[in-house]
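Q: Here the sequence shown is numbered in our numbering, starting from 1 and rising by one per residue.
Pair by pair, the computed Cβ-Cβ distance ranges are: (1) E63 <-> H7: 30 to 36 Å; (2) V135 <-> D109: 15 to 21 Å; (3) G93 <-> T48: 18 to 24 Å; (4) G64 <-> H85: 36 to 42 Å; (5) N121 <-> E61: 28 to 34 Å.
Because the hints were derived from the structure by calculation, they are not lab data.
The beta carbon of each residue, even a glycine, is placed where N, CA and C say it ideally should be.
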Amino acid sequence: MRWGIIHDYFTEQELNNFWQGKDPECGYISKYRKTFDVNLKMHIAQYTNCTNPVSAHVDAEFEGMPNYMQFLVPISVDRDTTLCHRASTVVEGDELWWRRGSLLWWYSDCTHWSGDYTKTNTSKQAWVIQTGLQV
1 MRWGIIHDYF
11 TEQELNNFWQ
21 GKDPECGYIS
31 KYRKTFDVNL
41 KMHIAQYTNC
51 TNPVSAHVDA
61 EFEGMPNYMQ
71 FLVPISVDRD
81 TTLCHRASTV
91 VEGDELWWRR
101 GSLLWWYSDC
111 THWSGDYTKT
121 NTSKQAWVIQ
131 TGLQV
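Can you build the whole structure from these sequences, using the hints too?
A: Written out as structure tokens, the structure reads:
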């Protein structure tokens, strides 16, 4: 499989550390290495507050470096941590419904976009992580 979702990947404490900027591992890269590939290298971990759906795209590179895998960590919907189930991300046509504590992942050459969340909520908050491979 080239994309998927792992429910209950993060503890509430890990999510709170993400949220409060207290994550000593820069996006929990060591955790991703244990799950996916020991050669993952962090490119960027950024908090996003989406108020408009993101159209279909591929994140092939970050600042001239080829991306390898992408990760999305749902935080909240409408800034309410209990509403994550109202949002989704679509990867190659497969809708991955959010759940707090989950990790959505895909290889960077996969096309992905926002699910239609504007009917039930106005914004969604998440961490978006882009990685490459160490050579």
